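**Q** Chain by chain, the residues run as shown.
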Amino acid sequence: LKVATPVIRLTLALMLIGLLAAIPMNAQDENEPTPAPTATPSGAPVGATLSSVLSRGEIICAVDQDLIGFGYLNPNTGEITGISVDLCRAIATSIFGDSGAAQIFLLANQNPFDLLSSGAVDIVISSRVSHTLSGDADSGLQFGAVAYYDGQTFMVTGESGIDTWEELEGATICSVSDTIAERNLIRELERREINFDLLSLPNANDMQQAFLAGRCGVQTGQRSQLEITRQRLDEPAAYMVWQETFTRDAITPLYRYGDKQWSDIINWTIYGLIYAESLGITSENVDELLRERTPDFIELEEDYIERVGPEIARFLDGSIGIGNQLGLANDFMVEVIRQVGNYGEILQRHLGENGQLPIARAINSLWLDGGLIFAPDWR
Amino acid sequence: MSDHVHYAAITGEKETMLKRSLVLMPFVLIVAVVVTLGFTSAGAQDAEVGPITQRIIDRGELICGANGAGLAGFAVVNDAGEWEGFDVDICRAVAAAVLGDANAVDFRPLNADQRQAAIQTGEIDIMSRNTTWTVSRDATWGATFAPTTFYDGQGIMVKADSGVTDLAGLEGGSICVQSGTTTELNITDALNQGGVDAELQTFADATATWEGYLSGRCDGFTTDISGLVAYQATAEDPGAHVILDLTLSKEPLGPLSPQSDPQFADIVRWTVYGLFQAEEYGITSENIDEFLASEDPGIQRFLGQGENAAGSYFGISNDFMVNVIRQVGNYGEIFDRNLGPNTPFKLERGLNALWTDGGLLYSPPFR
Numbered sequence: 001l002k003v004a005t006p007v008i009r010l011t012l013a014l015m016l017i018g019l020l021a022a023i024p025m026n027a028q029d030e031n032e033p034t035p036a037p038t039a040t041p042s043g044a045p046v047g048a049t050l051s052s053v054l055s056r057g058e059i060i061c062a063v064d065q066d067l068i069g070f071g072y073l074n075p076n077t078g079e080i081t082g083i084s085v086d087l088c089r090a091i092a093t094s095i096f097g098d099s100g101a102a103q104i105f106l107l108a109n110q111n112p113f114d115l116l117s118s119g120a121v122d123i124v125i126s127s128r129v130s131h132t133l134s135g136d137a138d139s140g141l142q143f144g145a146v147a148y149y150d151g152q153t154f155m156v157t158g159e160s161g162i163d164t165w166e167e168l169e170g171a172t173i174c175s176v177s178d179t180i181a182e183r184n185l186i187r188e189l190e191r192r193e194i195n196f197d198l199l200s201l202p203n204a205n206d207m208q209q210a211f212l213a214g215r216c217g218v219q220t221g222q223r224s225q226l227e228i229t230r231q232r233l234d235e236p237a238a239y240m241v242w243q244e245t246f247t248r249d250a251i252t253p254l255y256r257y258g259d260k261q262w263s264d265i266i267n268w269t270i271y272g273l274i275y276a277e278s279l280g281i282t283s284e285n286v287d288e289l290l291r292e293r294t295p296d297f298i299e300l301e302e303d304y305i306e307r308v309g310p311e312i313a314r315f316l317d318g319s320i321g322i323g324n325q326l327g328l329a330n331d332f333m334v335e336v337i338r339q340v341g342n343y344g345e346i347l348q349r350h351l352g353e354n355g356q357l358p359i360a361r362a363i364n365s366l367w368l369d370g371g372l373i374f375a376p377d378w379r
Numbered sequence: 380m381s382d383h384v385h386y387a388a389i390t391g392e393k394e395t396m397l398k399r400s401l402v403l404m405p406f407v408l409i410v411a412v413v414v415t416l417g418f419t420s421a422g423a424q425d426a427e428v429g430p431i432t433q434r435i436i437d438r439g440e441l442i443c444g445a446n447g448a449g450l451a452g453f454a455v456v457n458d459a460g461e462w463e464g465f466d467v468d469i470c471r472a473v474a475a476a477v478l479g480d481a482n483a484v485d486f487r488p489l490n491a492d493q494r495q496a497a498i499q500t501g502e503i504d505i506m507s508r509n510t511t512w513t514v515s516r517d518a519t520w521g522a523t524f525a526p527t528t529f530y531d532g533q534g535i536m537v538k539a540d541s542g543v544t545d546l547a548g549l550e551g552g553s554i555c556v557q558s559g560t561t562t563e564l565n566i567t568d569a570l571n572q573g574g575v576d577a578e579l580q581t582f583a584d585a586t587a588t589w590e591g592y593l594s595g596r597c598d599g600f601t602t603d604i605s606g607l608v609a610y611q612a613t614a615e616d617p618g619a620h621v622i623l624d625l626t627l628s629k630e631p632l633g634p635l636s637p638q639s640d641p642q643f644a645d646i647v648r649w650t651v652y653g654l655f656q657a658e659e660y661g662i663t664s665e666n667i668d669e670f671l672a673s674e675d676p677g678i679q680r681f682l683g684q685g686e687n688a689a690g691s692y693f694g695i696s697n698d699f700m701v702n703v704i705r706q707v708g709n710y711g712e713i714f715d716r717n718l719g720p721n722t723p724f725k726l727e728r729g730l731n732a733l734w735t736d737g738g739l740l741y742s743p744p745f746r
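Going line by line, the protein sequences match chains R and Z. Number 346 in the working numbering belongs to position 346 of the first sequence; there are no gaps in the numbering. Start counting at 1 in the second sequence, then tack on 379, and there's your number in the working numbering.
Looking at chain Z on its own, in the form it has when it is part of the complex (with noise of 0.2 angstroms):
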């Protein structure tokens, strides 16, 4: 029995219709019934929650499966032994729609062949580890990959001071490649299709072709550029080097919880578009308490304010987001922390700007 109508923004005809309750037509009766029930719910203000959400709060702890061997800017122990990066905050978010506590998470280190059983056998409630989305992994994992957190893709770094600002700029000059890995194949194709002349080095393993760059032997360095990112932090100027703004494969990374609590898999999906919703609304941990008092309905909503139902449809705080944002931040800022201008990285934010500038990052209305 579905207990909402859902209908996109333009249904005048049908919202009119619903005015007219005294119509003995029977379909108007239909709509009338389901409206009907769908409002006993609208307010309600508390959902029954999933098996996974349930023992969240019983514990008082979101569990964490994270990259055990870190990875610089995405998830690294710092010495005062917390930890932190992109993929980290994205499980503080998460704990702090849940539990309204970002800290209140155990990160379980996670090295990639443990990542399957990790999910499957419940030992972890989501993992944030820089994962690659494919179908393969949806299928056979029991898991629920949420909305892409970080479109990866394969990246190329070369010196600052070369002046090298995109692939054009590399003709007539050197890459140092992997030997053998898709790496090799998108840059031969991405150098035939741009009509660039430059020499791949390549190297058996990806330790050799990072010191065959470093070394001076090649003008420019390609993996992906998650990869790209941990490099750049172990060298001894990491300023001294640049990544391109340009991505010749994708890698679309984000989070996943296992598939056995669907509800708590939408708490993930919704803490995810909510921090691309902030960043899009403009409302950061700085100044959201301004926004507390919006009048946009839209705000209202987003922020949990007043009458709207947000989190109690998922029987989490009504005002889910706030935590978050206070807590976390919003997208862009969780991205400047751990990637951007203020980081050794200085990562473009590419795909992973908002859809409204010229990125994929989208979210569906919160209403």
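Okay, chain R solo, but in the shape it has when bound (with noise of 0.2 angstroms):
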């Protein structure tokens, strides 16, 4: 498959240009004069992706349309929903104050990687892109803060009640043929020295039908699409899955490179949300915790930081807030909250007890909690 010349490899990229140009797309048509941008709040300079972005006045984010959890539209009902959605919503709300100044892309065959270099869309978040060292070696492209963690694991059925490596010693383990899915299965047995016999379907399906017909005991994937899986089923309690993940995947939203602006309203408003759960703040409490403020009454600086505590005074505060640094409102995330909720309150609406999927938090829990989600310093 090696490409032999620059030439054919112009051809092919023209080519591909070309096929991607005639799936319908919401780019914006590159003849049309572009409006002035709005100044930001803060009158800070205003990069070209926030620029671009604000003539539109949404910004469009590519999501998954077929997780449950992660970006799935509801063939029932129309709705697009998930982590991936919510984390766009967001963005938006720090850029324009309303959560509802985002479109959302679905991802179907498309290579996200085009879509952002052509221009289609601002963001890409889906659980398909992970970041590796290859993907940050494409100069065009960045990758962000990690929103979830993810990775490899086993479901076994409750019957076989395999929960530990050892078990695993002679067991029948299910996976798709020639995929990375399996390579990392037999590695890490291998690595681990555990027999096993590998039952090896072509495609994803029929490696669900082989293991409910019980050709296999275990089957391999990632542990929140085995969720999703098993969720699915007839009769879920049977199976189990895994918390225990032997590869490493993240959900990282990814854009183009070289706006650092951009890349740090993206990456701040991740760090905002996790900020603001590790400090308390949600939507349903944000409210009381702002500074008062009435037609003939401010509360005084003091007294509101003597109530509140520096640190959510700084984070919430239009006067002491720090967002125009990024070129926002400074107190870009209430609204963020108010709309949207915190870090925990995203992945309990998708993931958790009265969500669709519910997954425990594991690594996904804060730092305070053992987990891995950890915000930098909002100063």
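Simulated from the structure, these hints should not be mistaken for laboratory data. There could be a bad hint or two in this list.
[To be verified] Straight-line Cα separation of at most 25 angstroms, SDA-like style, residue types lysine to any residue; simulated pairs:
#, chain 1, residue 1, chain 2, residue 2
1, R, Lys260, Z, Gln433
2, Z, Lys629, Z, Ala426
3, Z, Lys538, Z, Ala491
4, Z, Lys538, Z, Thr581
5, R, Lys260, Z, Asp492
6, Z, Lys629, R, Leu290
7, Z, Lys538, Z, Gln499
8, Z, Lys538, Z, Glu590
9, Z, Lys725, R, Leu368
10, Z, Lys629, R, Pro236
11, R, Lys260, Z, Gly591
12, Z, Lys629, R, Leu106
13, R, Lys260, Z, Lys538
14, Z, Lys629, R, Ile104
15, Z, Lys629, R, Arg361
16, R, Lys260, Z, Thr581
17, Z, Lys629, R, Gly214
18, R, Lys260, Z, Asn565
None of the values given here were measured: they were computed from a predicted structure.
Put the complex together from the two separate chains, hints included.
**A** Structure (structure tokens):
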């Protein structure tokens, strides 16, 4: 498959662009005159991406459409929901103060990298795109803050009761043939010196059928996707998905490189959601934590700081807040939390007990609770 | 134009689809074309380097902004005139990655106020100087922050012979703290939350606080852990004091580089990740030669052995991590050498443990 010459390579590139162009997209017409961007609240210099987003009046995010909990188009209601969607809405709120200022682009079979390069979308938040060394090496694109940690693991039948590595000895494990997941599986069990029988199926559907028919007691996949599968089964309780994972995959926003302001807005919105959770600020209580302002009374700054503490004050207040450093309103996180909630609320909404897909938070807990979810300082 | 396809591990259907290259459905063709393009660069050995990497190579030296005042355990000039410490080793690791030589570093002493200008003017290539990653620095310094290398935070020091091991052990005792600081607020909060009744002795400046503790006016002394380490080093008998294994606030410290060269920022980022990953694989400066022959494809890729692209993605030596690990060691070795059990500080890993050991150090996959 090696491409021989630059000319052929260019031809292929042009073909690709042509094919992509044939897919209806919501990209801006390049020939259309771009209206002057509105000033940011702070008057800070506006970077290229923010400028185009401001003139469009909304951001465009590409998300999955078939992964319940992450990015899912409900075929009955037409509603698109999931963590990726909420992150997109949070970023839209940071910029416009309105979670509705987000256009959701559903990923089908397009290459997410080309969607970004062509300017068709501003951000990709997909479970299928993982931060890797080779990904970072792509000079045109950049990965942002980790929004969700995932990884490969096992689903087992309750009957088999396999929940430790030792018990995998001699088990029959189903996987999809010639996939990265299958290679990961073989490598991991070799490394652990566990003997097993591999039942290799041509596709995910066949793997699922084989598993349900009892041809294997174990199947392997991403933890979140195995949970999705399990909960769609007739008898979810008869199956179990391991908490422990043996590969590392994370949901990280992907965007065009080189526009530091754009990358800061995306990442500090995610960090803001995490920081809010760590401070106990929720969509329910955020209004009580604001500085009191009525037509004839403004709470003194020192009284306010005394009441809520310096961290919450710096995070939420319009005059001592620091959002202007990012080219946003000083108190931009207030609307984000009001309209979308904090990080924990987003997870709870989609993966929690009341969500469509209950998955234990485990490593997606805050660092305070033994997880990996961490935000740098809001100073 | 993207040159690579990067899908998460479980992309079984997609990968299988690629095999059926004769299927005439447009989307399959698109994916096939992208993969074709990707393959041409996957093994490329000579990606163009960015301006900062280029000038480091031309000069044969990495210019590293370091703590000029000296910070025990992190950056000090020893009796032989050599820089040493945790932050210093991070710069040495990057020099080993880019130049293959951990000693090819020109350390530039910086005080706290000089940091922003040094990064903005490009006077330095990298800064590794106990700098907290904050929103305002990220947005206004013209810098890209690398992954956090040291999760600092407010800690508590007690006398080793007191037998105190946690906050509750200070019940009925007293703690020396500088007045009017967030440090004072944090300790007040922590005592309230933990229901611990201890008296706070406040002092106007940092040195007076430390001397108050040394003179026995309090049972405990609180400030940032990196500060506790520095004070401990100045004590007559450093071993007479211990830093408790707890963190009352967070201060993520890490290296940063000018945002004008995102590719160099990637080199710094993946060198730091590589230090974490090496520890996770158990690869050390001592045993690395055994791993060079490893048949584990993950380790082969990580060490840039065989056909696998690693450093070449960034225009540096494909086996850059071999140089880093051989000359500087993995993260755990760096931590232990400067702050660990064989140093006067005997710092616990705490949040600075690998994610697999309950800490926060996590590397994305090297693939």
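**Q** Against each hint, give a clear statement of whether it holds in the structure.
**A** Going down the list of hints, with the structure as the test:
no.: 1; hint: Lys260(R) / Gln433(Z); in the structure: 21 angstroms, holds
no.: 2; hint: Lys629(Z) / Ala426(Z); in the structure: 38 angstroms, violated
no.: 3; hint: Lys538(Z) / Ala491(Z); in the structure: 30 angstroms, violated
no.: 4; hint: Lys538(Z) / Thr581(Z); in the structure: 19 angstroms, holds
no.: 5; hint: Lys260(R) / Asp492(Z); in the structure: 23 angstroms, holds
no.: 6; hint: Lys629(Z) / Leu290(R); in the structure: 24 angstroms, holds
no.: 7; hint: Lys538(Z) / Gln499(Z); in the structure: 43 angstroms, violated
no.: 8; hint: Lys538(Z) / Glu590(Z); in the structure: 14 angstroms, holds
no.: 9; hint: Lys725(Z) / Leu368(R); in the structure: 23 angstroms, holds
no.: 10; hint: Lys629(Z) / Pro236(R); in the structure: 41 angstroms, violated
no.: 11; hint: Lys260(R) / Gly591(Z); in the structure: 46 angstroms, violated
no.: 12; hint: Lys629(Z) / Leu106(R); in the structure: 38 angstroms, violated
no.: 13; hint: Lys260(R) / Lys538(Z); in the structure: 47 angstroms, violated
no.: 14; hint: Lys629(Z) / Ile104(R); in the structure: 35 angstroms, violated
no.: 15; hint: Lys629(Z) / Arg361(R); in the structure: 21 angstroms, holds
no.: 16; hint: Lys260(R) / Thr581(Z); in the structure: 42 angstroms, violated
no.: 17; hint: Lys629(Z) / Gly214(R); in the structure: 49 angstroms, violated
no.: 18; hint: Lys260(R) / Asn565(Z); in the structure: 33 angstroms, violated
The structure shown violates the earlier hints numbered 2, 3, 7, 10, 11, 12, 13, 14, 16, 17, 18.
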